[in-house]
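2 protein chains.
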Amino acid sequence: MDAEDQPIDTEAERDEDAYALSPKVVAAILDAVEEGDRERLIALMEPLHAADIADLLEQIHSDERRALIQLYDREFDGEILSELEESVREEVIGFLSPQVLAEAVRELDSDDVVDLVEFLDEPQQEAILDVLEDVDRAAVELALSYPEGSAGRLMQSEVVMAPEHWNVGQAIDHMRSSDRLPDAFYHVILVDPRLHPIGNVSLGRLMASGRDVPLKSITEEMFRVIPVTQDEEDVAYAFNQYHLISAPVVNEDGRLVGQITIDDAMIVLDEEHEEDILRLAGVGEGSLSDRVVETVKGRFPWLAVNLVTAIMASMVIAQFDGVIAQYVALAVLMPIVASMGGNAGTQSLTVAVRAIATRDLTGSNVWRVIRREVLVGLANGLAFALLMAVVGYFWFGSTSLAIVLAAAMIINLVIAGLAGTVIPVVLDRFNVDPALASGAFVTTVTDVVGFFAFLGFAAVYLL
Amino acid sequence: MDAEDQPIDTEAERDEDAYALSPKVVAAILDAVEEGDRERLIALMEPLHAADIADLLEQIHSDERRALIQLYDREFDGEILSELEESVREEVIGFLSPQVLAEAVRELDSDDVVDLVEFLDEPQQEAILDVLEDVDRAAVELALSYPEGSAGRLMQSEVVMAPEHWNVGQAIDHMRSSDRLPDAFYHVILVDPRLHPIGNVSLGRLMASGRDVPLKSITEEMFRVIPVTQDEEDVAYAFNQYHLISAPVVNEDGRLVGQITIDDAMIVLDEEHEEDILRLAGVGEGSLSDRVVETVKGRFPWLAVNLVTAIMASMVIAQFDGVIAQYVALAVLMPIVASMGGNAGTQSLTVAVRAIATRDLTGSNVWRVIRREVLVGLANGLAFALLMAVVGYFWFGSTSLAIVLAAAMIINLVIAGLAGTVIPVVLDRFNVDPALASGAFVTTVTDVVGFFAFLGFAAVYLL
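Listed in order, the protein sequences are those of chains Y and L. Residue 1 is where the first sequence starts when you use full-length UniProt numbering, and the numbers rise one by one after that. Residue 1 is where the second sequence starts when you use full-length UniProt numbering, and the numbers rise one by one after that.
These are computed hints drawn from the structure, not numbers from a lab. By construction, the Cβ of each residue, glycine as well, lies at the ideal position given by its N, Cα and C atoms. Honestly, I wouldn't trust all of these hints.
[Said to hold, decoys possible] Derived DEER-like restraints, expressed as beta-carbon distance ranges:
1. Ala-138/Y with Glu-35/L: 56 to 64 Å
2. Glu-34/Y with Tyr-461/L: 44 to 52 Å
3. Glu-294/Y with Pro-193/L: 52 to 60 Å
4. His-174/Y with Asp-173/L: 50 to 58 Å
5. Leu-142/L with Thr-358/Y: 26 to 34 Å
6. Asp-192/L with Ser-87/Y: 40 to 48 Å
7. Glu-141/Y with Gly-169/L: 35 to 43 Å
8. Lys-297/L with Glu-271/Y: 28 to 36 Å
9. Asp-321/L with Glu-34/Y: 52 to 60 Å
10. Ala-28/Y with Pro-163/L: 35 to 43 Å
11. Pro-163/Y with Lys-297/L: 58 to 66 Å
12. Glu-294/Y with Asp-433/L: 44 to 52 Å
Please construct the entire structure, taking both the sequences and the accompanying hints into account.
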């Protein structure tokens, strides 16, 4: 059968299938809440996954949230808390009755509790830790002792390990007799007598091997040990780059203290991406469920930075007010040069920021990339110079104006390619997140250069 | 120990740890290639993972690439091909001798071969399919018969399944006696007599349960079946939202045809993110290893769209040339209003595009989000109106000019919030990727509104 012949689901069906949470379901749930019909609410929520319920809570109004949670009461599941965004999470915790909260938290794994409490205020954090059993509380407090954003915060302490000299049969018997296996695990970790991990045996491989086979002979080729203080960003990179499913975490002495599984790494990767996209757009942290005041506060600083750069560009224009007064066409055309430079610069900078994040832009190829971006700027500059010269000539009937426009366009697009690459690379060298700060710098450069080149050429050439 | 007391690795150590591929290693390898020292090259490459070797090949020059591959010869591993970016992959395949290529491809799993050949030209594709054994070739060709970007292309056909009435002991015995278990699997899939999947039993749970326990009683709570034609984007969403590790894939009749594992989903998620970021910045597909010509071609259309919108903005300015000739200060200040609007619009639009991608912005909350963005625009508009009025007054000493500036700023930031949300939502409704097209529309709106409001008010108020 040919690929073209394959029926793709219609959009409607796809939506049906992909969204567990349809607007129709949301409306029905809000309806049940309004009528105070607890049984109907529970029936409607029953098929929903905790992640979908969390999405629902994020999408509705704060008053509806409170009403829903109070009506839902004891049905509230701990996993919903784990899935909620921070901004909504704190509010929801406040809505829960102490008994419901206690029950919800006790259901969770220790790494989920860590994730839940690490950004809470002291009193809320205490309230949650207090309901945990001593063993769990100790595990959570140990994890909290590791730096924020480190592997130690991400790992779960439950692991399955085996001495390096065991064979397959011993490992299987051990697991079958153990009464506290983790909820999710994919490897048996081989350890030496000092508890240093020396290899991973996948459960699949274990199943496929005879009982007498030594574990040592069937360890996976790919084996990475993660230091407990390693940055979670590097952990996510390793999982993504080497296709890891789980990896052992070790303390400063190299002793096994826990494991990180791919689902945790996937969440970190997702967050890093989100952060990059939002930072590139000059949106600080923030989510759709933030209130107006928080959102204004989050966006104001970035607009303020932009205001400063815009004023700098205006000051360049102000130097040429005499020329503009004589040739108003300059005022009409100058935003084009600046805008094209800004766009070309953003293109280069986005490619560079992404390449730095994925570690594809390194000391080994930085000069080649800069050279390429400058050449790309030159090529596009020449193309658009020609286009703009034609536009300028036919619009204002002046050959000189067309030449000035063309020259400024070439210069600005070359500078855009250069600045768009060099600025993020330099910021990265100084350990400033290039996604965070490059945009403002690059557009300042392209605005200033664009206005200066265009108006400067005009002053020399037209007067 | 307190979190603050924890020593974080210094940057140098972190780099050492996180980058298997340091510029030093790259330099040593290129050195060995230049000297034609095959043994040293092999020794240097030996500790590197296929993914790192692929990164290396992407970072070096095309001539170096050819020399390295020819020197490395038979050592070349099939997995390196899987890890390469498409643009470099085709070139590398061309550099490999037919025997080396054949050997490299035969090592791969069927889903990796699909990934490898699906975007190759017909002759290259044929050359690779020809070296496969008949069974593998049939599996690859079946996968290629599913639509591009569908679950069918992503899945592996190797699965471990068990009849629904089996118990733990039977499943384990079956696996231990099977001689063709997949390389990586995490679940035993329970199927009914018609081969419809009805549940997943995780290997960990299997290990933890007695031999007599029926499989049906220990299936995972979370179970999603993926239709073979489902879009890979929806597959990745499901894995991310529901923390799946693997999921069965079924054909139109609901029969089990394969499975998708989390590592494949993670790659898709990563690609989707990359695409979103690049599209938001007006960079088409493309990678750091593309040549200048390809890069120019990729970026030109986006700059051309921007040129059209910039010219539209200029045409608005041209309507007011008389006013500008009288008050040159207007030409100096007008880019500020447009630039602030453009930035605020980009903020709103990025948040909206992300929220649509993560399905947090739905029919249920779209009006609330639009309302919020407009209010945020109003609040920031008022703040910056005040600031700019002060700047305008002290810079040009004119109260009227300050009032015009402030009024235009408020209007443009409100419109930015509105356009930044409504435009991506509408594009999404019409099945146009909002990441792709929103930027140009939104900045057109903010430029046109910014210039028109500012110059229009000035024309009325200052003349």
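- [ ] For Glu-294/Y and Asp-433/L, compare the CB-CB distance with the range 44 to 52 Å and indicate the outcome.
- [x] Given range 44 to 52 Å: violated, Cβ gap about 29 Å.
Open item on the list: Can you tell me whether the CB distance of Glu-34/Y to Tyr-461/L sits inside 44 to 52 Å?
Closed with: holds, 50 Å
TODO: Could you say whether the range 28 to 36 Å given as a hint is met by the Cβ separation of Lys-297/L and Glu-271/Y?
DONE: holds, 34 Å
Open item on the list: If I claimed the Cβ atoms of Asp-192/L and Ser-87/Y lie 40 to 48 Å apart, would that claim hold in this structure?
Closed with: With a Cβ separation near 44 Å, Asp-192/L and Ser-87/Y satisfy 40 to 48 Å, so the hint holds.
Task: Status of the given 35 to 43 Å range, CB of Gly-169/L versus CB of Glu-141/Y - done: holds, 41 Å
- [ ] State, for the Cβ atoms of Ala-28/Y and Pro-163/L, whether the hinted interval 35 to 43 Å holds or is violated.
- [x] holds, 38 Å
TODO: Note whether the CB distance of Asp-321/L and Glu-34/Y lies within 52 to 60 Å or breaks it.
DONE: Taking Cβ atoms as reference, Asp-321/L and Glu-34/Y lie about 58 Å apart, which means the hint holds.
Task: 52 to 60 Å as the expected CB spacing between Pro-193/L and Glu-294/Y, which holds or is violated - done: Once the Cβ atoms are compared, 56 Å apart, the range 52 to 60 Å for Pro-193/L and Glu-294/Y holds.
Task: Verdict for Ala-138/Y, Glu-35/L (Cβ pair) under range 56 to 64 Å - done: Holds - the Cβ-Cβ distance for Ala-138/Y and Glu-35/L, about 57 Å, lies within 56 to 64 Å.
Open item on the list: Holds or violated: the 50 to 58 Å window for the beta-carbon distance between His-174/Y and Asp-173/L?
Closed with: 19 Å Cβ-Cβ, so the 50 to 58 Å window is violated.
Open item on the list: Tell me if the beta carbons of Leu-142/L and Thr-358/Y are separated by a distance inside 26 to 34 Å.
Closed with: holds, 32 Å
TODO: With 58 to 66 Å as the target window, see if Pro-163/Y and Lys-297/L comply at their CB atoms.
DONE: At 59 Å between Cβs, range holds.
Checked against the numbered hints given earlier, this structure breaks hints 4 and 12; the rest are met.
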